[in-house]
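K.L.:
Work out the full structure: start from the sequences and follow the hints.
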Amino acid sequence: MSSLLPPDKDGGNRLSVLEGDTSSGEECRTYVFRKENHTLGNCLRTMLLKNPQVQFAGYTIPHPSEDVMHLRIQTVEGYPAQSALRKAFVDLKTHASQLKTKFVTAVDNFEKEES
Amino acid sequence: MTEFSFSSKNKLTLKEFEIVNTSNYDFSGHFADPHKQENELKVEIVKIEDDGMFLEFDMIGYDPSVANAVRRLLLSDVPTMAIEKVHIYQNTSIMQDEVLAHRMGLIPLKADPRLFKWKEEGTEDEGTEDDTLQFSLQVRCKHNPDKSSGDPYLDNKVFTKHLKWIPKGSQKDKLINPGPVEDDILINKLRPGHEMDMKLFAVKGVGRDHAKFSPVATAFYRLHPEIRINRDVFDENAIRLVKCFTPGVMQLEPTEDGRKKAKVLDARNDMCSRNVFRHEDLKDAVTLEKRKDHFIFNVESTGAIKSTELVPMAIDVLLEKCELYINEIDSQSKE
Numbered sequence: 000m001s002s003l004l005p006p007d008k009d010g011g012n013r014l015s016v017l018e019g020d021t022s023s024g025e026e027c028r029t030y031v032f033r034k035e036n037h038t039l040g041n042c043l044r045t046m047l048l049k050n051p052q053v054q055f056a057g058y059t060i061p062h063p064s065e066d067v068m069h070l071r072i073q074t075v076e077g078y079p080a081q082s083a084l085r086k087a088f089v090d091l092k093t094h095a096s097q098l099k100t101k102f103v104t105a106v107d108n109f110e111k112e113e114s
Numbered sequence: 000m001t002e003f004s005f006s007s008k009n010k011l012t013l014k015e016f017e018i019v020n021t022s023n024y025d026f027s028g029h030f031a032d033p034h035k036q037e038n039e040l041k042v043e044i045v046k047i048e049d050d051g052m053f054l055e056f057d058m059i060g061y062d063p064s065v066a067n068a069v070r071r072l073l074l075s076d077v078p079t080m081a082i083e084k085v086h087i088y089q090n091t092s093i094m095q096d097e098v099l100a101h102r103m104g105l106i107p108l109k110a111d112p113r114l115f116k117w118k119e120e121g122t123e124d125e126g127t128e129d130d131t132l133q134f135s136l137q138v139r140c141k142h143n144p145d146k147s148s149g150d151p152y153l154d155n156k157v158f159t160k161h162l163k164w165i166p167k168g169s170q171k172d173k174l175i176n177p178g179p180v181e182d183d184i185l186i187n188k189l190r191p192g193h194e195m196d197m198k199l200f201a202v203k204g205v206g207r208d209h210a211k212f213s214p215v216a217t218a219f220y221r222l223h224p225e226i227r228i229n230r231d232v233f234d235e236n237a238i239r240l241v242k243c244f245t246p247g248v249m250q251l252e253p254t255e256d257g258r259k260k261a262k263v264l265d266a267r268n269d270m271c272s273r274n275v276f277r278h279e280d281l282k283d284a285v286t287l288e289k290r291k292d293h294f295i296f297n298v299e300s301t302g303a304i305k306s307t308e309l310v311p312m313a314i315d316v317l318l319e320k321c322e323l324y325i326n327e328i329d330s331q332s333k334e
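Residue numbers (numbering that gives the first Met the number 0), protein chains in the order written: chain H, 0 to 114; chain E, 0 to 334.
I should point out that these hints are in silico values taken from the structure, not numbers from a laboratory.
A hint or two may mislead.
Distance windows between CB atoms, simulated [to be verified]:
1. E:36 to H:69: 31 to 37 Å
2. H:114 to E:39: 26 to 32 Å
3. H:107 to E:184: 30 to 36 Å
In silico BS3-like cross-links for lysine-lysine, where the CA-CA straight-line distance does not exceed 27 Å [claimed, not checked]:
4. H:34 to E:211
5. E:305 to H:99
6. H:8 to E:333
7. H:99 to E:46
8. E:41 to H:8
9. H:99 to E:291
10. E:211 to H:86
11. E:116 to H:8
12. H:34 to E:84
13. H:92 to E:41
14. H:92 to E:84
15. H:49 to E:8
16. E:46 to H:111
17. H:49 to E:291
18. H:99 to E:84
19. E:109 to H:92
20. E:84 to H:101
21. E:305 to H:111
22. E:305 to H:101
23. H:99 to E:333
24. E:109 to H:99
25. E:46 to H:8
26. H:101 to E:46
27. H:92 to E:333
As the structure is a computational prediction, the values presented were derived from the model and not from experiment.
Think of the CB as a built atom: it goes at the ideal place given N, C-alpha and C, for glycine as much as any other residue.
P.N.:
Printed below as a string of structure tokens:
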């Protein structure tokens, strides 16, 4: 069984940091995602905003012709933006797993009731 | 940080010329609760029809970004098999080669994409048994020698049933009939003397690249409507009020003094036409609202994979993406 995600023809990292922020400290970063759009962007933004140590979180798609998404994170003193991003991914993973479990259980129960 | 309870404010209101209270109150520093209690989040299946190909289910308590992500993933990120390369050896029909090839790509195939690998770019069209499915279409139209029957021609309509699967390698042991979902999809029309001879190669792809790879006929959601009656409406007015909504949403209820009163039976099926606002005297009698965190999903599969399996696949794609990025963050921070 192969991966559900199509292979990346261009290779390299799909996540990078926008230049210019590293001098202002660890607390503000703009992350550049290749081949991502609102599907991941809006979910990540929601997870980031649930984190009390995040002061600013927003995403944008600079141009619809380019498959690129920018995610801006600003956090409180002493909490690196990268940790916030990683936590958002982990939280999203947990949330999505729970949703999947609930859905699969609901389908099983429905099919049991039908028969 | 102030904490509000927004339980009464999780509804948006449909007014005559505007929709009010649509925003999500998601800005940093505001939380109703940091993570909604798990028992407040629910998924309920409402209907499964058509041998699992049509599904209606509810997601309650979830954030709209997650519901929208599921919808977008279903449309564009769950893989399917579809015909990509068409080798045309003979086509003397009226339809141009490229139009015909385009139509072949849009035919939904029953093959399960999970059993196939992604085809690498730059490899030849024939492909291997792990990443390509081969079909052949050979039809020739002739005059019908049997003058008595109604049809003057033989094989003048080319349907998907004329597609023949050519198994590669060990495919015949692993796959059962990976052909088109329906046998009666019309591909082309011929007249005597016209001939079609082509080889078709199907590969795995995602809806993002081309809509033919989308596994759903469509997937959409709507918010659960709510109708509140502000003041009782009787008799003639009640009949008019009931007519304003989709049938089955409101009904007339007899009261003790023999009159008929309008009552909300089930707001779920209302199509939110806001027809009430066309009647000056009935405008204020009802308040039309929608629950912002109750999503009614409809998922209709094209036939390759059941809708009940498509939704978990869509969430799996999201999980894989998260996994990918967590690994990239970890490997980048080690540098």
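K.L.:
Take the hints in turn and mark each one as holding or not.
P.N.:
Results for each hint:
1. E:36 to H:69: 31 to 37 Å: Since the Cβ atoms of residue 36 (chain E) and residue 69 (chain H) sit about 33 Å apart, the hinted range of 31 to 37 Å holds.
2. H:114 to E:39: 26 to 32 Å: holds (30 Å)
3. H:107 to E:184: 30 to 36 Å: Since the Cβ atoms of residue 107 (chain H) and residue 184 (chain E) sit about 33 Å apart, the hinted range of 30 to 36 Å holds.
4. H:34 to E:211: holds (20 Å)
5. E:305 to H:99: Holds - the C-alpha atoms of residue 99 (chain H) and residue 305 (chain E) are around 16 Å apart, at most 27 Å.
6. H:8 to E:333: Since the Cα atoms of residue 8 (chain H) and residue 333 (chain E) sit roughly 25 Å apart, the hinted pair holds (cutoff 27 Å).
7. H:99 to E:46: This hinted pair holds, its Cα atoms lying about 18 Å apart.
8. E:41 to H:8: At roughly 39 Å apart (the allowed maximum being 27 Å), residue 8 (chain H) and residue 41 (chain E) break the hint.
9. H:99 to E:291: This hinted pair holds, its Cα atoms lying about 21 Å apart.
10. E:211 to H:86: Answer violated: residue 211 (chain E) to residue 86 (chain H) is near 36 Å, above 27 Å.
11. E:116 to H:8: holds (15 Å)
12. H:34 to E:84: holds (25 Å)
13. H:92 to E:41: It holds: about 17 Å lies between the C-alpha atoms, which stays within 27 Å.
14. H:92 to E:84: This hinted pair is violated, its Cα atoms lying about 37 Å apart.
15. H:49 to E:8: Given pair residue 49 (chain H), residue 8 (chain E) holds - Cα atoms ~19 Å apart, limit 27 Å.
16. E:46 to H:111: Holds, at about 13 Å.
17. H:49 to E:291: holds (18 Å)
18. H:99 to E:84: Since the Cα atoms of residue 99 (chain H) and residue 84 (chain E) sit roughly 35 Å apart, the hinted pair is violated (cutoff 27 Å).
19. E:109 to H:92: The hint is violated at about 30 Å.
20. E:84 to H:101: Violated - the C-alpha atoms of residue 101 (chain H) and residue 84 (chain E) are around 40 Å apart, more than 27 Å.
21. E:305 to H:111: Cα-Cα ~17 Å, so holds.
22. E:305 to H:101: holds (18 Å)
23. H:99 to E:333: Distance of about 32 Å is beyond 27 Å: violated.
24. E:109 to H:99: OK: residue 109 (chain E) and residue 99 (chain H) at ~24 Å, within 27 Å.
25. E:46 to H:8: violated (40 Å)
26. H:101 to E:46: Distance of about 16 Å is within 27 Å: holds.
27. H:92 to E:333: Answer holds: residue 92 (chain H) to residue 333 (chain E) is near 22 Å, not above 27 Å.
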